[in-house]
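> Single-letter residue listing:
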Amino acid sequence: MSFRAAVITFPGSNCDRDMAVAIEQVSSSAPLRVWHGDADLPERLDFIALPGGFSYGDYLRSGAMAANSPVMRSVKAAADRGVPVLGVCNGFQVLTEAGLLPGALMRNASQHFICRTVPLRVENAQSLFTSGYEAGETINIPVAHHDGNYFADDETLDRIEGEGGVAFRYAENCNGSRRDIAGVLNAAGNVLGMMPHPERAIEPAHGNTDGRKLFEAAIKALA
Amino acid sequence: MKIRVLVSLKPGVLDPQGRAVHHALEGLGFKGVEDVRIGRTVELDVADGTSDEALDEMCRKLLANTVIENYRIEKVG
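Residue numbers (numbering that gives the first Met the number 0), protein chains in the order written: chain A, 0 to 222; chain B, 0 to 76.
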């Protein structure tokens, strides 16, 4: 059975090709490429990925413009139907701005752009994205962002934690995120947003392959 | 109709930019600056008769992220 994934490209996305290559390497099926202005997504999708980058030049707020682009209405509808949606980096920012995930991503506390590999602790290893990991396991995944400082109010954070919505925490908080949160799941568990880039840790040439299990888990969940 | 929307970070939300500017002001020798918060101004020119509800909806849906920001709408003429 082929894995029918779509990678959405917004003007200013720059990790869309990396994401497509990673999905193809792990699933052996080339994902469909979808342009932000397309009102409709391809039918019968198994997986939707929102890639990293600087959609619309980060105008207004990171992800704010992309969150209101035509394709996002279809992404929301697909997420409501239970289609797995992964947003990485700018994709995570788009998901929070679109209201598909709680919270917001603010400027890094250090004010600096951070580009390095960071250790993450897997908090929830039960989701369709994280079932290939062990809870409490430390994995190394690259980050490259300026606006990765996760914020939500205490009440929302308590609710997210209570629902098992924290997928990953930074083992070393690199950007000021509240409660060290690096990746968040929605209540239904089919939408994951994360600042680190699992698609950049797929093959030995990348330096490590810790991101591969995320895609493998999503493919296995489908089967 | 000219509208000015002032978007500011909610109290309690850490403002790293404001903090950096605060340090810079102190570095320039200015005394007694207690706090600095950075916001954004959006100027709109809208059709006369645009309702307050429509303006409010523009702010909630796009101009401000109400998870972290407050907004104030001013009619400037």
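Note that these hints are calculated values from the structure, not bench results.
All C-beta atoms, glycine included, are put in the ideal place defined by N, C-alpha and C.
There's no promise every hint is true.
[Unchecked claim] To give an idea of the chain A side of the interface with chain B (calculated C-beta under 10 Å), a few residues: (1) M64; (2) A66; (3) P69; (4) R106.
> Taking the hints in turn, state whether each one holds.
Going down the list of hints, with the structure as the test:
The beta carbon of A:M64 comes within 8 Å of a beta carbon in chain B, closer than 10 Å, and the hint placing it at the interface holds. Given hint, A:A66 at the interface with chain B, holds; its Cβ is 9 Å from that chain's nearest Cβ, closer than 10 Å. A hinted interface residue such as A:P69 counts as satisfied when its beta carbon comes closer than 10 Å to some beta carbon of chain B; here the least separation is about 15 Å, so the hint is violated. With a least beta-carbon distance of about 5 Å to chain B, the hint placing A:R106 at the interface is held under the 10 Å criterion.
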